[in-house]
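J.: Protein chains in written order, with the numbering used here: chain A, 949 to 1250; chain B, 35 to 368; chain C, 615 to 945.
Don't read these hints as lab results, they were simulated from the structure.
Backbone N, C-alpha and C fix where the C-beta goes; we use that ideal spot for every residue, glycine too.
Check before you lean on any hint, since a few could be wrong.
Okay, derived cross-link-like pairs now, EDC-like style, lysine to aspartate or glutamate, Cα gap no bigger than 20 Å in a straight line [stated by the list, open to error]:
# : chain 1 : residue 1 : chain 2 : residue 2
1 : A       : K970      : A       : E1239
2 : A       : K970      : B       : D129
3 : A       : K970      : A       : E1240
4 : A       : K1134     : B       : D129
5 : A       : K1134     : A       : E1073
Under 8 Å between C-beta atoms, here's a sample of chain C residues computed to sit facing chain B [claimed, not checked]:
#  : residue
6  : W703
7  : P773
8  : S777
9  : A812
10 : E816
11 : L836
12 : S837
13 : G841
14 : A874
15 : A878
16 : I882
17 : R888
18 : L894
Here are the chains, one letter per residue:
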Amino acid sequence: MTSTQTLTPAQVARRRRTASMKATWRLLRANRSGMVGLVLLVAFILVALLAPVLADSQGLEVTRATGGVLEPPSLHYPLGTDDNGRSILTLLIWGSRISLFVGLSATVISMVIGTFMGLMSGFFEGRSAALLFRVTEWFLVIPFLPLAIVLASVLGRSLLNIAIVIGVTSWPGTALLIRSQTLSVKERPYLERARVLGAGRWHQMTRHVLPNVMPMVFANTTLTVAIAILSETTLSFLGLGDPTRVSWGSMLEDAFSVGAMTTGAWWFIVPPGVCVVLVVLAFTLVGQALEEVLNPRLRRSS
Amino acid sequence: MSGPTLLEARDVSVAFTTRGGSVARALDGVDLAVAQGEVVAIVGESGSGKTTLARALMGLQRPSAGQVLFEGAPLEYSTRGMRGFRGQVQMVLQDAAGSLNPRQTVYESVAEGIRLHRLVAADADRRSEVQLVAAALAEAGLRPPERLFLRYPHELSGGQKQRVLIAGALALRPRLLVADEPVSSLDASIRGEILALLLKLRRDLGVGVVVVTHDLGLAWNIADRIAVMYLGRVVECGSTEEVLESPRHPYTQALLSVVPEIERLAPVVLTGEIPDPTRIPAGCRFHPRCPALADGSAAAAGVGDRCLGEPLPVLSAAGEHRTACHLDAVLSRT
Amino acid sequence: MSPVMTQPTTEPLLDIRDLSVSYRTSEGMLPAVRGVDLRVSPGEVVGVAGESGCGKSTLASTVLRLQPQDAEVTGRVEVSGTDVLTARWGDLRVLRWAEASIVFQGALHSLNPVHRVGEQIAEPIRLHEPELAEAVVAGRVGALLEQVGLPRERERAYPHQLSGGQRQRVMIAMALACRPRLVVADEPTTALDVMVQAQILELLSGLVRELGVGLVIISHDLSVLAGICDRVAVMYAGRVVETGTSEQVFTAPVHPYARALSGAFTRIGDPASRYAPAGLAGDPPDLRDLPAGCSFAPRCPRVVDACRSAEPALLELAEGRRAACIRVGEP
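Next up, chain A with everything else stripped away, as it sits in the complex (with noise of 0.2 Å):
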């Protein structure tokens, strides 16, 4: 006899998990451009996790500012100061916080209530069915700035309202991808089967369209992630972020409002900015190769 014996069929399904997790692995090292933008998300994230050891928080203080004003950079301050003489290199290295904060958790907004409405709208038929996909088709073309204004005027400025602001308003790409594919799930011939069996539509839809709806989902997250991190950057850079803590995009708006584009002070625009760029490559890069790999008409299987 083998050892399935000895095992629970949870603990058989939890080897095949890994097993096929490790396969999604190799599949995914053997994409270049993926692996590169890999490398710099972990970077990335390190340098957030990290901050504390990297640069002292003290650093991010106006009062206790050591540095000249708007200095160039220099030894003892590798990316110069801002107008309140801080070290920019501490600003960026906190601020890598908020942004990816604040891009993640506008993004798990964002992917919760899209899925949601997705699966809703696209498992069920008649009129609430109906009703879902006319709401998320009314969010689809409301102007995002506009609304993202309207709602950081009513909610006020903090990093958890900035979050929701974007979740809110970029659910809908998130949903009409998931109801496009629980359209076409829902007429695999395996759904009748559980029908067949005797499942009710909850078993359906958690059992066998969302296991079968989630690889295309994951891979859209990841670009998901990008647009909120770049939108946090608008929103901060046009004043509606926390006045308090500062992220890539307020350190762009300090650096507008204080002119440091006349003033030739290109330590303080260019460093944030080519965070932003790099980071939202990262996350584009590591999103299609995800793509590639989990998308099941590339893959031919034996």
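With the hints as your guide, set chains B and C onto chain A.
T.: Below, chains B and C without anything else, positioned relative to chain A:
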């Protein structure tokens, strides 16, 4: 025959409204009764309504008219109402490859039904889920069953996939299996194995089968009774021997005649194809293609006009050899 | 069944000699066809029977050199005397469709859904005979449609407006467009209803009689071939395991696989097959992992030890009758 009626369709009709607005009558009044432990073959070509009938019998398709009865009681179409029914009547779908969730292992696919119906708790012998799954796979001819627990559908051959589907249905201990074209996508040499399995299930477990097929040979192999369908109606039914050795409806006769190596019948290749279910011919629905009408034998018997204008009644579900044909009605009286 | 028209002075239309085709896969070379011979004369209908993985479709693709570019091919495939495998591109273009054509499997997917069927039938005519006037081409298309049993007006239909049987007829009309001398039909009746199947087979045999073309029919259904073919070759795991007239192979097969294939077809009215479906145990052969010796040994009901040591050669039992089994002739 074998016992009391288990599953019955009474004057069932299923109509679809097409996008153009016309009404397609996929089923146009069908009576069919299946007894416990019986193997019934529903034979027809595409467009005959046989798959729609199978789905109506399974409760997957609500009839627009008529009723489907299980043990004498009409089906309740709510999820809860269906639960009990589904534990007694199971289905094996046409597309074996697509019917298994590609992300589920064989174990999970077979265990799904067991979990849905909480059979572990209800098991008289106190078997675990693993044991129930293994038993179902073994009954379906996959031995040793443990070897396949971890496999995914794409790692299985066509015959194995079909057996896994049968195991998944068997795990619920049904009294009747509805199999829609169970072997048409399998290699010819493997078909016999799956058909032998169905017969074995009837012999050992008393499970009856309603098999939907276009293959008359398959019906000869395993069916007790046959119902031949054309354009939404049963046109001939009776025991397999009666229908296949002495067919009375011109359509059945034509179908039999084109089976290769049938020496006793000259091939009658019908012209054209089954008409659109939105435009069912008046009178006898087969009359535009009927060889008996075309060669004059219907006119000679005096029923030519009736074939063109008088519709035929729905064939009753009784076991004797019956045909829905004006000509046959005249000929069998003489 | 039409009698074989023997024309001893004419070269065969199709002469396949010792053909082997292997596909390049990530796991190594996959042998799809392993040393196959096949000959077709004008007016003859030859059937190739076999199930999934036996190599019959690969065999069909080599007739017009349609196998994948990176496949390894050895042997000769001569169509009207020209070796297709080594022909120059120009010669191959002329040969394709004008000498030999293929009726592909799955008519629904082989027809372009956005073009009318008349256009699609006209396409090869225009490619091969560009000097023809439009009216002449249209006339040819109409004549072809009538030849396959469709009314001329159907040339304006789109594929999705036609039934399965009608689409298959269009595919046949396309294959005949440039008046080839050899037609290869790959699973022409699969997925069609029994009655439509009979119609298509009737059409094909009528065309062979009328036009004198050579026809190769490939099917997994031996009973389909029995009615229409003069000769049949049965394939298993890339090799031919039995040949003979269709009568011989269908009613008195000698190779155990051919016997199983023939036995799988139920004779209605025969009490022996009532409640007794005949099948073959085991799974189709895995071409990546063929056993040493006879590839059918794992499933053979008549296997002996000697079977596992070497792949049996195709033995000539009588004129045109061959089988690849060491136990042929034993009681």
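J.: Work down the list of hints and note, for each, if the structure agrees.
T.: Verification of the hints:
For a cut-off of 20 Å, the pair hint linking K970(A) to E1239(A) stands: about 16 Å separates their Cα positions. For the suggested pair K970(A) and D129(B), the alpha carbons sit about 31 Å apart, so the restraint of at most 20 Å is broken. Restraint check: the Cα-Cα separation between K970(A) and E1240(A) comes to about 16 Å, which is no more than 20 Å; the hinted pair holds. Restraint check for K1134(A) and D129(B): the C-alpha separation of about 15 Å stays at or below 20 Å, so the hint holds.
For the proposed pair K1134(A) and E1073(A), the alpha carbon gap of about 11 Å is at most 20 Å, so the pair holds. Interface hint status for W703(C): violated, as the beta-carbon distance to the closest one in chain B is roughly 38 Å, over 8 Å. The closest approach between the C-beta of P773(C) and any C-beta of chain B is roughly 16 Å, which is over the 8 Å cut-off, so the hint fails. Restraint check, S777(C) versus chain B: the minimum CB separation of about 5 Å is within 8 Å; hint holds.
Below 8 Å, beta-carbon pairs count as interface contacts, and A812(C) has one with chain B at about 4 Å; its hint therefore holds. This hint holds: E816(C) has a C-beta 6 Å from the nearest C-beta of chain B, less than the 8 Å allowed. A hinted interface residue such as L836(C) counts as satisfied when its beta carbon comes closer than 8 Å to some beta carbon of chain B; here the least separation is about 7 Å, so the hint holds. Evaluation of the S837(C) hint against chain B yields a held restraint, the C-beta minimum of about 4 Å falling below 8 Å.
Satisfaction of the interface hint for G841(C) is found here, the shortest Cβ-Cβ separation to chain B being roughly 5 Å, below the 8 Å cut-off. Taken as an interface hint, A874(C) checks out: its beta carbon lies about 5 Å from the nearest beta carbon of chain B, inside 8 Å. At about 4 Å, the closest approach between the beta carbon of A878(C) and any beta carbon in chain B falls short of 8 Å, and the interface hint on this residue holds. For I882(C), the shortest C-beta to C-beta distance to chain B is roughly 5 Å, which falls under 8 Å, so the interface hint holds.
Here the hint on R888(C) is kept, as its CB sits about 7 Å from the closest CB of chain B, short of 8 Å. At its closest, the beta carbon of L894(C) sits 4 Å from a beta carbon of chain B; the interface hint therefore holds under the 8 Å criterion.
Checked against the numbered hints given earlier, the structure breaks hints 2, 6, 7 and satisfies all the rest.
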